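Take 4 as the starting number for the sequence shown in the working numbering and just add one per residue.
FYI, nobody ran anything at the bench for these hints, they're computed from the structure.
From a predicted model like this one, the values you see are computed outputs, not experimental measurements.
Misleading hints may appear alongside valid ones.
Said to hold, decoys possible - Pairwise CB distance ranges (calculated):
#	residue 1	residue 2	range
1	88	33	39 to 49 Å
2	130	69	18 to 28 Å
3	85	50	41 to 51 Å
4	52	81	23 to 33 Å
5	51	96	14 to 24 Å
6	124	77	33 to 43 Å
The C-beta atom is built at its ideal place from N, Cα and C for all residues, glycine as well.
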Amino acid sequence: MGDDTGNGAAWDLFGMGYIPHNVVVNHMMEVTYTAYGFDQTDITNAIEEAIAFMVSDPDGDGFAESDDNCPDISNPEQADTDGDGIGDMCDDCDNDAVFIPGNINGDLDLDGDPIIDVIDVLALIELIIETEVNNVCGYSAA
């Protein structure tokens with residue numbers, strides 16, 4: 004095994020021309036034991052380089068941060084109902100509760116039944132006229 008230059012420097016880390024099969028590092032990042040001789044500085048540098056290449060998964064859901072559609076909240080299913088690349092757990096506008104056409108919040112319609120009718124349309128028009136709603140899920144109405 005060698006480094007990128009092909010000169011075998013990785014073999015020389017431990018001063019014996021080969022890599023030991025075990026190394027014990029304490030909480031202070033100090034090498035406390037190897038089966039063979041070692042160079043403290045080189046081993047510490049090798050450990051730090053290895054840590055820099057570790058895959059990060061801050062939410063612990065099993066998906067690397069670079070591939071996670073919701074990197075701060077654990078969502079092992081990676082559900083993305085609306086297909087916008089943002090996982091449902093992080094997406095306020097995932098459309099997962101919309102169950103009838105025109106139902107903007109996923110609840111029952113405005114008069115309490117699951118069917119949008121004239122009463123709901125009139126109530127919605129009144130709501131739009133009286134209230135300015137901006138940037139709700141990427142849409143605006145006034």
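(request) Mind checking the hinted window 23 to 33 Å against the Cβ distance between residue 52 and residue 81? (result) holds, 30 Å
(request) Starting from the range 18 to 28 Å, see whether the pair residue 130 and residue 69 falls in it by beta-carbon distance. (result) violated, 41 Å
(request) Could you check the hint for me, namely that residue 88 and residue 33 are 39 to 49 Å apart, CB to CB? (result) holds, 44 Å
(request) Take a look at whether the Cβ-Cβ distance between residue 51 and residue 96 falls inside 14 to 24 Å. (result) violated, 42 Å
(request) For the range 33 to 43 Å, tell me whether the beta carbons of residue 124 and residue 77 fit it or not. (result) holds, 40 Å
(message) Is 41 to 51 Å respected by the C-beta to C-beta distance linking residue 85 and residue 50?
(response) Once the Cβ atoms are compared, 43 Å apart, the range 41 to 51 Å for residue 50 and residue 85 holds.
Of the numbered hints given earlier, the model fails hints 2, 5; all others are met.
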